[in-house]
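Peer 1: First to last, the protein sequences are chains A and B.
Numbers in the numbering used here are just positions in the first sequence, counted from 1, shifted up by 498.
Numbers in the numbering used here are just positions in the second sequence, counted from 1, shifted up by 498.
Any given hint could turn out to be false.
No distinction is drawn between identical chains; accordingly, a pair holds when it is met within one copy or between any pair of copies.
Unchecked claim - Pairs of lysine-lysine, DSBU-like flavour, derived with a Cα cap of 35 Å:
#1 K698 - K590
#2 K704 - K680
#3 K521 - K676
FYI, nobody ran anything at the bench for these hints, they're computed from the structure.
Number of protein chains: 2
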Amino acid sequence: MTQTREEFEARLRQIGAERYHDKHPFHDMLHGGRCSPDQVRAWVINRYYYQHSIPMKDAAFMSRVEDPELRRMWRSRIEDHDGTETNPGGIKRWLKLAEAVGLNPDYVASTEGVLPATKFAVDAYVRFVRDKTLLEAVAASLTELFAPKIHAQRIEGLLQNYDFADDSSLSYFRNRLKEAPKDVAFGLAWVLDHATTQEKQDAAAKALEFKTDVLWAQLDALYSAYVAPARVPPGAWVAGEGMALARAS
Amino acid sequence: MTQTREEFEARLRQIGAERYHDKHPFHDMLHGGRCSPDQVRAWVINRYYYQHSIPMKDAAFMSRVEDPELRRMWRSRIEDHDGTETNPGGIKRWLKLAEAVGLNPDYVASTEGVLPATKFAVDAYVRFVRDKTLLEAVAASLTELFAPKIHAQRIEGLLQNYDFADDSSLSYFRNRLKEAPKDVAFGLAWVLDHATTQEKQDAAAKALEFKTDVLWAQLDALYSAYVAPARVPPGAWVAGEGMALARAS
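Working from the sequences, and respecting the hints, build out all of it.
Peer 2: Printed below as a string of structure tokens:
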């Protein structure tokens, strides 16, 4: 049976309550100050691959949208990440964080050393948005509903627990706190407007679950590779690689 | 510099020696009899997703091949997996194994409960074959160079260590021992014939590395979810689900 707007929104929020990656043990380790410097670096290196793919995901979405108004709304997401004349953008801010934790930003930007499992998960998201219905693509973006809480916790936890954390290194998260709410308000309203049958609601809910899987799999891969008993897969980053000092040599 | 045929073949074999998934700790656990029945089931459920995707991968390849002769050679791979009038095929044989370990084959065939990370990795392989050059697609299949050894070990190790193992439940592996050598002999010769420049050799070697990543990531995901300290991701198979007994209810 088709759910009312309110019921359906509650269903989407419940997916976050049950499956969002703030439930993953790596999240607590990171924010609770229990990550070693190398574990923080592994997170920064791998999460960069996600950041670097998001504007491609958004361009894939826009390449399929015929309505100029919807494209115009969506375009600001690419600007937020890639930057404008007045805004360095999220990707550059992430590389500031990379520098702050002692990594060579060029190494991080090369995406060498990213775990294959991170690439498989993130690439699956880009492909999902390219291949599925627009409704499913927008619904998948709604993990942003759950992001402000995690970003606020992250800023507080990182500031409290790590020397590298300051206004400059954490500017990525502060900016996302400003940018994400407008995106997600638009995306949520769009999904609620367009998921008008049970079939569409089910597809949208499944798309949001898929996206929580994409995020969870990234933390699982990090945990498996870099938390004891650590098993770094062949070819992925090992401590000591890609450090800022290497620039001088 | 372009390598000679012999040098390049040695380079490809070296990739297997360094990165093939027989180096993964789950491999030793499984063959050494140190997997619990539920760990064997998790492996059967997840590895099924790979089996079920391989003929789609081969069809994606054939959909891009203009030479009827090459398509004709390749078609036997699909027959080996999907079956013919006289051969049940690898997928049905895998479901025999599923039954032998106490799983409901319909549950396994539904691919419900497969780890998201397994799907991301395997889907990445199908997409790779769809999107990359034919040379890279064939080179990626060359992990079969390293498979006979693992299959022989698997048969021996499973027979020695698990009650479910017998000629019927292990028929998948026995058949692969017969089928794979002809495929890989053809694939290897094709890659050696076509990788005629350094650039092409590098691309082919990278494709084979990519494929070892796909296999490794699958065992990593299994290990992370089902070997202590186990962290099953939300929604994936948990012990007790999909058992053969459920059929009677």
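Peer 1: I'd like to know which numbered hints this structure contradicts. Please list them from smallest to largest.
Peer 2: Of the numbered hints given earlier, the structure breaks none, since each of them holds.
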